[in-house]
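Chain residues, written in single-letter form:
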Amino acid sequence: GAVVSQHPSWVICKSGTSVKIECRSLDFQATTMFWYRQFPKQSLMLMATSNEGSKATYEQGVEKDKFLINHASLTLSTLTVTSAHPEDSSFYICSAPQGGTSGEQYFGPGTRLTVT
Amino acid sequence: QKEVEQDPGPLSVPEGAIVSLNCTYSNSAFQYFMWYRQYSRKGPELLMYTYSSGNKEDGRFTAQVDKSSKYISLFIRDSQPSDSATYLCAMSGQAGTALIFGKGTTLSVSS
Numbered sequence: 205g206a207v208v209s210q211h212p213s214w215v216i217c218k219s220g221t222s223v224k225i226e227c228r229s230l231d232f233q234a235t236t237m238f239w240y241r242q243f244p245k246q247s248l249m250l251m252a253t254s255n256e257g258s259k260a261t262y263e264q265g266v267e268k269d270k271f272l273i274n275h276a277s278l279t280l281s282t283l284t285v286t287s288a289h290p291e292d293s294s295f296y297i298c299s300a301p302q303g304g305t306s307g308e309q310y311f312g313p314g315t316r317l318t319v320t
Numbered sequence: 004q005k006e007v008e009q010d011p012g013p014l015s016v017p018e019g020a021i022v023s024l025n026c027t028y029s030n031s032a033f034q035y036f037m038w039y040r041q042y043s044r045k046g047p048e049l050l051m052y053t054y055s056s057g058n059k060e061d062g063r064f065t066a067q068v069d070k071s072s073k074y075i076s077l078f079i080r081d082s083q084p085s086d087s088a089t090y091l092c093a094m095s096g097q098a099g100t101a102l103i104f105g106k107g108t109t110l111s112v113s114s
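Same order as they appear, the protein sequences are chains A and B.
The numbering used here numbers the first residue of the first sequence as 205 and each following residue consecutively.
The numbering used here numbers the first residue of the second sequence as 4 and each following residue consecutively.
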C-alpha cells in the first residue's frame with residue numbers, strides 16, 4: 205500500500221509555544237489530506253481537510269486560528285498548533301486518499317503531542 | 004442514531020479462534036468500506052478495502068459488505084496474539100472524502 209509519513213513522532217513543548225507537525229505522502233500525490241485527533245481509548249475525530257492550493261476546511265468546533273493548516277505541495281501538509289495548552293495534548297494523525305476512483309486512504313504513524 | 008455503529012468490546016479469544024467483527028451503518032450512500040488495525044500509539048493500518056457489496060479475502064482476513072442490510076464484517080481466521088489490537092471500520096460515500104469511523108473494537112488474542 206501507499207506510504208504516509210509524519211514528523212515528529214513525539215514532541216513535548218511548553219505551554220504557550222507553537223508546534224508544527226508535517227505529513228507527507230511518500231509515493232503518491234495527494235491534493236487532499238485529512239487531519240485527525242485521537243484521545244486515549246477513543247476513535248479518530250476529524251479536525252480539518254487540507255486542500256492543496258486552497259484554504260483548509262475545518263470541522264465544527266475546531267479553532268482555525270489555533271490549528272493552522274498549510275498544504276504546501278502535492279505531497280506535504282503541515283499542522284501548526286499555536287499557543288499550545290495542556291488540553292491540546294493528544295495524538296494527531298493525518299491521512300491521504302490514494303486518489304483517482306479508489307476509496308483507499310492511508311494514515312501516517314501519528315504524532316504524540318505533550319504540552320507541559 | 005450514529006452513522007456508524009461498532010461494538011467497542013473488548014473481545015477476548017484464544018489463539019487459533021475465528022474472530023468476527025462487525026459494523027452497521029445508516030447512510031445508504033456509503034460505498035467505500037475499509038477496515039483498519041491500530042496498535043497502541045500507532046497510526047491506523049489499512050487491512051481491507053471493499054468497494055460496494057461483496058466479499059474480499061486476503062490471507063487470514065475476509066471482509067464482507069452487505070449493502071442491503073447496511074452491515075459489514077471482518078473475519079480473522081487462525082487468530083494470533085499479534086492480532087491483538089483495535090479494529091476500526093471506516094466508510095465513505097465518495098472516493099477521496101473524509102472517512103466516517105466506528106468507535107473501534109479492541110481485540111485480545113491469548114496464547
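Hints are not guaranteed to be accurate.
Claimed, not checked - With a Cα cut of at most 20 Å, we get these calculated PhoX-like pairs of lysine-lysine:
#1 Lys270(A) to Lys224(A)
#2 Lys5(B) to Lys268(A)
#3 Lys73(B) to Lys245(A)
#4 Lys270(A) to Lys5(B)
#5 Lys45(B) to Lys73(B)
#6 Lys106(B) to Lys5(B)
#7 Lys73(B) to Lys224(A)
#8 Lys45(B) to Lys5(B)
If you're looking for bench data, these hints aren't it; they were derived computationally from the structure.
Cross-check of the supplied hints:
Taken as a hint, the Lys270(A) and Lys224(A) pair is honoured in the structure, with Cα atoms around 12 Å apart against an allowance of 20 Å. At most 20 Å may separate the alpha-carbon atoms for a hinted pair to count; Lys5(B) and Lys268(A) exceed this at roughly 26 Å. Restraint check: the Cα-Cα separation between Lys73(B) and Lys245(A) comes to about 26 Å, which exceeds 20 Å; the hinted pair is violated. Pair hint Lys270(A) plus Lys5(B) does not hold up; C-alpha atoms about 28 Å apart against a cutoff of 20 Å.
Using a Cα cut-off of 20 Å, the hinted pair Lys45(B) and Lys73(B) is violated, with the two alpha carbons roughly 29 Å apart. Distance check on the hinted pair: Lys106(B) and Lys5(B) sit about 10 Å apart at the alpha-carbon level, within 20 Å; holds. Proximity of Lys73(B) to Lys224(A) is assessed by CA-CA distance (about 40 Å); at most 20 Å being required, the pair is judged violated. Between the alpha carbons of Lys45(B) and Lys5(B) the distance comes to roughly 26 Å, so the proposed pair goes past 20 Å and is violated.
Of the hints listed earlier, those the structure fails to meet are numbers 2, 3, 4, 5, 7, 8, in rising order.
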